[in-house]
Amino acid sequence: MADPFLSIQHVRKSFGATTVVEDFNLDVERGEFVSFLGPSGCGKTTVLRMVAGFEEPSAGKIVVGGKDITRLKPNQRNVGMVFQAYALFPNLTVAQNIGFGLKVAGMPRADIDARVAEMLGIIKLPQMADRYPYQLSGGQQQRIALARAIAPKPKLLLLDEPLSALDAKVRVSLREEIRSIQKKLGITTIFVTHDQEEALSISDRIAVMYGGKAEQVGTPFEIYNRPATKFVANFVGTLNVLEGTVTDAAAGTVRVNSEQVSLKGKLNGSKSGDTLSLALRPEAISLGRQPGRDSSLSGEISEVHFLGSVIRVRVGIGGNTVSLDTFNSPATPPPAVGEKAEISFSSDDMLVLH
Amino acid sequence: MKAGRFWAWVVFALGAAYFFIPLIATVEFSMRMRRGVYSFDAYKVVLGDERFQATFGYSVLAAVFTIILGVLIVVPAAYWIRLRLPQLRPIVEFITLLPLVIPAIVIVFGYIRMYGSNSPLPFLASDTGTNALLVIGYATLALPYMYRAVDTGLRTIDVRTLTEAAQILGAGWGTIITRVILPNVLIAVLSGAFLTFAIVIGEFTMASLLNRPAFGPYLQNIGANRAYEPAALAIIAFAITWGCMSLIQILSRFAPRSANRPN
Ligand SMILES: Nc1ncnc2c1ncn2[C@@H]1O[C@H](COP(=O)(O)OP(=O)(O)OP(=O)(O)O)[C@@H](O)[C@H]1O
Ligand SMILES: [Mg+2]
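In order, the protein sequences belong to chains A and B. The first sequence maps to residues 64 to 417 in the working numbering. The second sequence maps to residues 969 to 1231 in the working numbering.
Because the hints were derived from the structure by calculation, they are not lab data. Backbone N, C-alpha and C define an ideal beta-carbon position, used for all residues, glycine too. You may find that some hints are simply not true.
[As the list claims (entries may be wrong)] What follows is a list of derived Cβ distance ranges for each label pair:
no.	chain 1	residue 1	chain 2	residue 2	range
1	B	SER1220	A	PHE78	33 to 43 Å
2	A	GLN139	B	ILE1063	32 to 42 Å
3	A	SER236	B	PRO1054	30 to 40 Å
4	B	ARG1052	A	ASN297	31 to 41 Å
5	A	GLN139	B	ASN1179	51 to 61 Å
6	A	GLY94	B	PRO1151	32 to 42 Å
7	A	SER236	B	ARG1052	34 to 44 Å
8	A	LEU135	B	ASN1179	47 to 57 Å
9	B	GLN1055	A	SER335	55 to 65 Å
10	A	ARG134	B	LEU1065	34 to 44 Å
11	B	PRO1054	A	HIS73	27 to 37 Å
Produce the entire structure from the sequences given, and follow the hints as far as they go.
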């Protein structure tokens, strides 16, 4: 990235003696949609609030469009923000809410009206202009909040868990709508969430955060399939973890529950006799031997959950349990608990967690 | 169940009697100025009295200034405490309760000592200064009510998020207070204002000791020297207070409804 639009450089934030964000670095390109994903308390909101100007970094700087904004007040930054708690002004109508930022900026009345009408069209609520916030559903309120945030054409759009107060259906449809509006307007966006599906489905890139640091920044595909750390692998998606012991570091063989698996070229740095955590995504495992899968392990079926089109099976392998999904097929009955079973996978799909 | 109902009504009737009988008796007495028939003569005399008009006008004006001063002090203070200094709330609440504990007479003697004509701040040297001091004193007396009303109003909105939402949209403190905070606590402010009005209209101690031509001292003076007029005045004062209270009730229906109540 030659010239990032937003650059968060070595940012640190302490409240008293506790450091909440440590050496956080992130470059975001113009028009990019980046999600902050991480467990509760990992500092997502704190980083976002520093970008917005509500908190001042204890160290480091934040640059937008080549300009250092680290010490600017929130009302001088030209940033849009959507809050988890909607935060519409209860005393103003929908149109007045959307026009608030424009009025503060001193835009002429007629221009405000035109822009508000345009925004109402974009969020597909053109008939709601004269309603008050209490007359709207949560999903509608959050769309108005989005319109209010983008009406003044901000340089950056920040969203702090904007969907977490909504019910599941609205959440899915609104996240897609946010993404399509963002794409249409080409607005650089940071989206905070602790819902991995949300982050995976709508982001250009994801910054997975843990303990105040960005553990990994990458595309959803990279984050999911090539997690860089044990935390990322565990936090994103379901993961089956098996304990293994390196038997021959040079040849790349690992013993898992008395069977050998070859992981050539993946053991970088491990010595013979080391214990490793090996991880497999459920979708990388099949029941029974399959063509094209070079490795297999045997175990015993411990649980079977019939979920309709998919059957989730858990297989005990030594002291570990792995879960995997098979498609339901009307012709063959599902496996039974207690049966001996063999699982197969491709050793390429196995992640070695360091 | 039935018996419980019955006793509830008995208690209610006793309470109502305790409240209404003196009131009705006063009304009745105030209408007996003309011998043998009921009339509103006492009211006519009172309302036609120049001193009534002058002192009442003075007190209304004092009340208006007290309300303005109270709003200017209390709204930003209560807002700032909720926004930035929530740990100070118990202390501030205690301080705002002090005027209920410390008698007005103590406050007024304090003023007279502090602001006498040969003190560095000689409020009492001029009429305007004394009037200002009276208004300041009234604002102190009304503080417990004003603060509680405004603080209750602020509790119904998410002060911090609304402030931040306005800030990020480019608003400065002036805009935030006048366009976001005040309109949402306006009803609370108005109920505080009416309580202040009711207190100021009947206040005696401060006005009398500062020797101001207010309604309270006039009431006292009439009460000591006439028979029927004080009863009429009491009813008028009562009607004003009650009018204020019902206005608060009516206004509270127009409060902007908040869609997202914090917690
Ligand atoms: N003003 C503050 N004073 C002290 N500690 C704070 C303050 N704000 C946040 N923290 C602490 O910083 C840590 C990170 O908080 P933050 O709100 O950034 O987490 P988050 O990742 O957004 O979590 P969540 O998903 O629950 O919203 C938490 O441990 C929190 O207690
Ligand atoms: Mg948060």
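Hint check results:
{"no.": "1", "hint": "SER1220(B) x PHE78(A): 33 to 43 Å", "result": "holds, 39 Å"}
{"no.": "2", "hint": "GLN139(A) x ILE1063(B): 32 to 42 Å", "result": "holds, 35 Å"}
{"no.": "3", "hint": "SER236(A) x PRO1054(B): 30 to 40 Å", "result": "holds, 37 Å"}
{"no.": "4", "hint": "ARG1052(B) x ASN297(A): 31 to 41 Å", "result": "holds, 39 Å"}
{"no.": "5", "hint": "GLN139(A) x ASN1179(B): 51 to 61 Å", "result": "holds, 53 Å"}
{"no.": "6", "hint": "GLY94(A) x PRO1151(B): 32 to 42 Å", "result": "holds, 37 Å"}
{"no.": "7", "hint": "SER236(A) x ARG1052(B): 34 to 44 Å", "result": "holds, 38 Å"}
{"no.": "8", "hint": "LEU135(A) x ASN1179(B): 47 to 57 Å", "result": "holds, 55 Å"}
{"no.": "9", "hint": "GLN1055(B) x SER335(A): 55 to 65 Å", "result": "holds, 59 Å"}
{"no.": "10", "hint": "ARG134(A) x LEU1065(B): 34 to 44 Å", "result": "holds, 41 Å"}
{"no.": "11", "hint": "PRO1054(B) x HIS73(A): 27 to 37 Å", "result": "holds, 32 Å"}
Consistency note: the structure conflicts with none of the earlier hints.
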